[in-house]
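**Student:** The lines below spell out each chain.
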Amino acid sequence: MTDLLSYEFIRNALIAAVLVNIACGIVGTYVVIKRIVFISGGISHAAFGGIGLGYYAGIDPVMTAIPFTLFSAMAMGILSKKAKINEDAAIGIFWAAGMALGILFLNLAPGYAPDLFSYLFGNILTVPVYELYIMGALDLIIIITVAIFHREFSSISFDEEFSLAIGIPVRMIYLVMLGMVALSVVVMIRVVGVILIIALLTIPATICRQFTFKIRNLIACSIATGIVFTIGGLIISYFADLAPGATIILLLTAALGISYFVKKIKIILWKYM
Amino acid sequence: MEKKVIVSLKNVYFNRNGISVLEDINLSIESNDLMAIMGPNGGGKTTLLELILGLEKPLKGEVLVFGKTPGKSRNIIGYLQQNPTIDLDFPACIFDVVLMGRYRKLAGGFGKDDISAAGEALKKVGMFELKDRHISQLSGGQLQRVLIARAIARDPKLLLLDEPLNSIDPEMQEYIYKLLLELRKEMAVVYVTHDIGAIPAYVEKIACVNRKLFYHGPKEGSLGKLAEAYKCPVEIVAHGIPHRILGRHKK
Ligand SMILES: Nc1ncnc2c1ncn2[C@@H]1O[C@H](COP(=O)(O)OP(=O)(O)OP(=O)(O)O)[C@@H](O)[C@H]1O
Ligand SMILES: [Mg+2]
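Chains as they are written, first to last, in my numbering: chain A, 1 to 273; chain B, 1001 to 1251.
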């Protein structure tokens, strides 16, 4: 195990696992309690368009994905609240259009065909060092945002109408929340890929909310759960020679199943003791 | 105590989807008023509160709240919705929910006074013992009391309660009326009801809304007007007998 750590790509993967799960644990908690899983799916697929754009323009795809994804998130957030547009439909349209745009850009990109697969399914073992810095910076932005707006986030998640009545700028706060989703999506694209992002945003928070109803604990628990299973999945995938992203997700899914079981047993024990 | 007008509506009209909901409403609320807004289902009571809160804009006319446009004074208004849009799966205990009522400004935090005010509000509605329970583990009436606590935890100058006695048992109703009497020493209390039987003796002012404002003023004079709005006799109001003893009006 210790000699594994002497490989730089392994060390980078472990650092990436921690950084990704800080973003996921925080943002995922709000995605789950605000019930914005579907719009987060839309945002993460729209991000794909940003990645294609990067290849097309010949710059680092993450650098184009950040503004592109933020823009898509804002557009979805604004359009989906317009009374005349059905929210589900607006999200679905962005979902499909972003994805299609990504493919077209890749088609048009000069030179070699880029490693599409790594963005669809992720590859945590190929994270370059400078992207760790980007992830760290984005984590910091997310932490600061939540530190400032956690009361507003809770309030609009719990009761939107009351929040408006007591003077919370609900629209604006909602867009800030979607902006955080967009940032965390970009952070995760490399690691788990566009397709599996939703799982990493939702599963740890879903596991943890069974055991606590303090948001602070929920966030901490989600981060810890995410880190444990991401690294666990990495180790398994390394020795069994499996795709890391898919292994991580399946491990998390299994953990979710087991956690339901544990919760049930706890309730039964509670009753009989 | 000197009274001053804190809310005034002048010739207010409001439409929803092109259909007239409120017409030519003139209404004023004074500080420390205890006012009941009555009227049949769909009469526009909730809409009236939404106009005062600035959640809806009038089509015509002027709404002034504490001398300003509605929405500018949200820090001193407490509100209980008729059908709260809350998410019962949300991770919060009762105390957390009441604390949310203490929200004052963007990007702030809750301090010691907020925590004690939330606790006081819970005591007032008799829910302090359950403060650490998850919100999904309450009966309908208990939840209603928690949401009333959330509204009064704001220490408002104007308390707007939309059907506060929904699913509250008779004993608790009595208790909540007493609470409203206490609260009005500190603030104006306006509550909505469609139940004419639910006006106790000590409510002095009544506004009767059924698209138009049929009556607005002291309770004694409202008899005939109420009958006009409801199309049914309502002697109870004039008699001023506490609501619980009275039978509901027959359809
Ligand atoms: N969201 C809405 N969209 C369209 N029309 C609405 C909406 N809300 C209320 N209305 C209409 O506005 C009118 C007034 O409604 P309002 O909710 O103010 O009545 P209310 O007096 O509070 O009735 P209730 O006793 O049933 O609560 C009704 O005719 C209703 O059909
Ligand atoms: Mg109503």
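No wet-lab data here; the hints were simulated from the structure. There's no promise every hint is true.
Stated by the list, open to error - Rough simulated footprint, nothing fancy, chain B against chain A, three-plus residues with beta-carbon under 8 Å: (1) 94-102; (2) 167-178; (3) 214-220.
Said to hold, decoys possible - As a list, the in silico EDC-like pairs of lysine to aspartate or glutamate whose alpha-carbon atoms are at most 20 Å apart: (4) K1124(B) / D1089(B); (5) K264(A) / E1186(B); (6) K81(A) / D1169(B); (7) K82(A) / E131(A); (8) K1072(B) / E161(A); (9) K1185(B) / E1056(B); (10) K214(A) / E1002(B); (11) K214(A) / E1056(B); (12) K214(A) / D1155(B); (13) K214(A) / D1169(B); (14) K1105(B) / E161(A); (15) K1124(B) / D1087(B); (16) K84(A) / E1056(B); (17) K1123(B) / E1174(B); (18) K81(A) / D1087(B); (19) K1072(B) / D3(A); (20) K1124(B) / E1186(B); (21) K1105(B) / D241(A); (22) K1057(B) / D88(A); (23) K82(A) / E1186(B); (24) K263(A) / E1030(B); (25) K214(A) / D1114(B); (26) K1057(B) / E160(A).
Said to hold, decoys possible - Here are the in silico distance ranges between beta carbons for each label pair: (27) R1104(B) / A220(A): 38 to 44 Å; (28) D1132(B) / I148(A): 35 to 41 Å; (29) M172(A) / E1062(B): 43 to 49 Å.
We put the beta carbon where it would ideally sit given N, CA and C, even for glycine.
**Student:** Which hints, by number, does the structure contradict?
**Tutor:** Per hint list: 1, 4, 5, 6, 7, 9, 10, 11, 12, 13, 15, 19, 21, 22, 23, 24, 27, 28 and 29 violated.
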